[in-house]
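J.: Letter by letter, the chains look like this.
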Amino acid sequence: MPSGRLIALLGPALMLAVGLGFALGAVTALDLGTVRRMGPGAFPLIVGGLLAALALVALIKEWRAPGEVTHPDPKAVAGVGAGVAVFAFVTPLFGVLPGAALSVLGTSVVTGALGWPARLALAAAVAVGVWGVFVAGLGLPLPALRWP
Amino acid sequence: MELLDNLALGLATAATFENLAWCFVGVFLGTFIGVLPGIGPLAAVAMLLPVSFYLPPETALVMLAGVYYGSEYGGSISSILLNIPGTPSASVTCLDGYPMAQQGRAGVALFMTAIASFFGGIFGVGVMVGLSPVLADFALRFGPAEYFSVMVLGLVAASVVSGSGALRGVMMVCLGVLIGTVGIDVNSGETRYTGGIAQLRDGLSLVVVAMGLFGIAEVMTSARGATRSYAGQKVTLRGFLPTAPEWLRSIGPAIRGAGIGSFFGTLPGTGQTVASFVGYALEKRISPRASAFGTGTVEGVVVPETANNAAAQTAFIPTLTLGIPGSATMALMLGALMIHGITPGPRLIPDHPELFWGLVVSFLFGNLFLLILNIPLIGLWVRLLRVPHTLLYPTVVVLICIGVYSIDNSVFDVWVTLVFGLVGYVLRLFRFEPAPLLIGFVLGPAMEEYFRRAMLLSRGDAMVFLDRPGSAALLGVSALLLIASALPIRRWLAAGMRPARRD
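Chains Y and H supply the protein sequences, listed in that same order. Each step along the first sequence adds one to the number in this note's numbering, with nothing skipped, and position 48 is 48. Plus 1000 on top of the position in the second sequence (first one is 1) and you've got this note's numbering.
If you are wondering where the hints come from, they were derived from the structure by calculation, not from laboratory data. The structure displayed is predicted, hence computed values, not measured ones. C-beta: ideal position from N, C-alpha, C; glycine also. Check each hint, because a few of them may be wrong.
Unchecked claim - One side of the interface only, derived from the structure: several residues of chain Y facing chain H at Cβ under 7 Å:
#1 MET15
#2 MET38
#3 PRO44
#4 LEU59
#5 THR70
#6 PRO74
#7 VAL77
#8 PRO92
#9 ALA100
#10 VAL104
#11 LEU114
#12 LEU122
What the hints assert, rightly or not - Covered, in the sense of this in silico footprint (three residues per stretch, anywhere, with C-beta under 8 Å from a C-beta of chain Y), are these stretches of chain H:
#13 1169-1177
#14 1187-1194
#15 1403-1415
#16 1445-1454
Kindly produce the complete structure, drawing on both the sequences and the hints.
T.: So this is what it looks like as structure tokens:
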């Protein structure tokens, strides 16, 4: 099936792009220096070039015998992403404890895990646990609660 | 006796109340993480890195190391009871451990695992005590060319053993090295690849990269796959003690397992998983009871467990004496030391004897703690396996966020962690194993530095890496490894495993 092969090629192709990107960036924006006294661009150029070359080999191998590509699980990715994003939005405004509690809600709502009572209980428990371990116990300098 | 003086110094460091307490915390959390399938020791060490910034360096290392080898003990518990390895290196333990549990002998399997792990761990510590000072003395003669080459060897070894094969492994190493170049170049003061973002000028933080690639990405991978609760599994622990013949039969395999484990642990780049696979396959090839392997025989759990625990201890040898981490987790330990201003390498033992010997002695305490945690308290871990995963994963996400945020109280770091989480997830989809990436990321800056220095000293002659015998030998071994990875060694060892997997 051709579409499966195309998807399998995408992995090495991405690596090829990254390798070329770093190498081109080194050539265009950085000083390469001389062989004896190398500039900041020399090493990324070498490694980027190596990555691109290996990616080409992988691309050919994949073309001959396409390997398996795991199917993504959008719900899990979105759920974890939502948890992190909620934490990153809420914490600077209201502090770590609301950030932690709402992050738990974000993850569990998007993944569809647990019912609402369990979600709320877990969110509260995590907030209390975070306070107990990190703020009171270890004394990390975290803003526990704040107002915008 | 110099050794006794050193051990006394180590005892004085390790036996303080604070260090003992953190050692216990470390091994306890390690067992906890090890028991839970899906969350590896790497994510656990990454999560605890920010906490370790607030501890003195010895204490920080004692705790992080405890998490690391503690997870080796814990990983086998879910292997035996559920046939699901808690850590990758415990997957071999499933082969005989799970059949034993099915025969109602889970208690014996768990008991033998704890004893074997203890034996392997102590054996590994012994090798570490004997070998580290010798290796460090030798490495003191290294110039920049040798350092560069030994790093190449470490990276090649890590790529060769990575699950996705040598080619993809080396690609990941390159990617890691490239990511490591982001930020200010120390030699010229120029900024590289920051895209004008001010927060990237100091480079990407190790914690951010590791938490993203392993914490966030691992949770994304396993969050919904493992929602099945394990509550239905019946565990019978009656009959804890193995029979006398079983004890006797285990002595030889234990010593061979520990030897093989110590060897593979010491090699930079290879780790416990390789050690336990090779140990099991070789034992099966030489044992007179080969046909019993895979049907639930004690040797089948003793060999992989002694091997992976011995390897877990000896992995510290190249990490501490050469500054070359054997695995991604070791790369994090290396990062933890560097954050505390200590450069691992041949000068570590003479410059920080209390750190090195304190760590060695803490391993002895830690293994004793683990023996206590794993035999009388085994019921606790069995119960932990019944906690539904839907409660666990949202909590782990929060812990990762807080760990990253606490470094600098910076939300930017949290966002970058999410980006690396997505990167790690996509890489896994395309069969790119991110562990070599992290090792490349940690070693990259030093590698560039040594490379540029060696070229400067040789007046721009790249042959310096082949002219100096030490450097040439190391590069030669790297080349041999790459060639060997193309040979069907894997298949030969796999043939030793195959009959055992008849499910």
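J.: For each hint, tell me whether it holds in the structure or not.
T.: To see whether the hints hold, each was checked on the structure:
For Y/MET15, the shortest C-beta to C-beta distance to chain H is roughly 6 Å, which falls under 7 Å, so the interface hint holds. Because the smallest distance between the Cβ of Y/MET38 and any Cβ of chain H comes to about 5 Å, under 7 Å, the interface hint for this residue holds. At about 5 Å, the closest approach between the beta carbon of Y/PRO44 and any beta carbon in chain H falls short of 7 Å, and the interface hint on this residue holds. A hinted interface residue such as Y/LEU59 counts as satisfied when its beta carbon comes closer than 7 Å to some beta carbon of chain H; here the least separation is about 11 Å, so the hint is violated.
The interface hint given for Y/THR70 is met, as the beta carbon of that residue sits about 5 Å from the closest beta carbon of chain H, less than 7 Å. Interface hint at Y/PRO74: violated, since its Cβ lies 10 Å from the closest Cβ of chain H, which is beyond the 7 Å cut-off. Annotation: interface hint on Y/VAL77 holds; nearest CB of chain H at approximately 5 Å, less than 7 Å. Annotation: Y/PRO92 was flagged as interfacial toward chain H, and the flag holds, the nearest CB pair being 5 Å apart, inside 7 Å.
The criterion of a C-beta within 7 Å of any C-beta in chain H is met by Y/ALA100, whose closest approach is roughly 5 Å, and the hint holds. Interface restraint check for Y/VAL104: the shortest CB-CB distance to chain H comes to about 4 Å, inside 7 Å, so the restraint holds. Interface hint status for Y/LEU114: upheld, as the beta-carbon distance to the closest one in chain H is roughly 5 Å, under 7 Å. With a cut of 7 Å, the hint placing Y/LEU122 at the interface with chain H holds, because the nearest CB-to-CB distance is about 6 Å.
Only when three residues or more bring their CB closer than 8 Å to a CB of chain Y does the claim for the stretch 1169-1177 of chain H stand; here the count is 5, and the claim holds. Figure legend: the stretch 1187-1194 of chain H, annotated as covered by chain Y; annotation consistent (5 residues with Cβ-Cβ distances under 8 Å, at least 3 required). Counting residues of the stretch 1403-1415 of chain H whose beta carbon lies closer than 8 Å to any beta carbon of chain Y gives 6, which meets the minimum of three for the stated coverage. Closer than 8 Å: that is the beta-carbon criterion, and the stretch 1445-1454 of chain H has 3 residues meeting it against chain Y, so the requirement of 3 holds.
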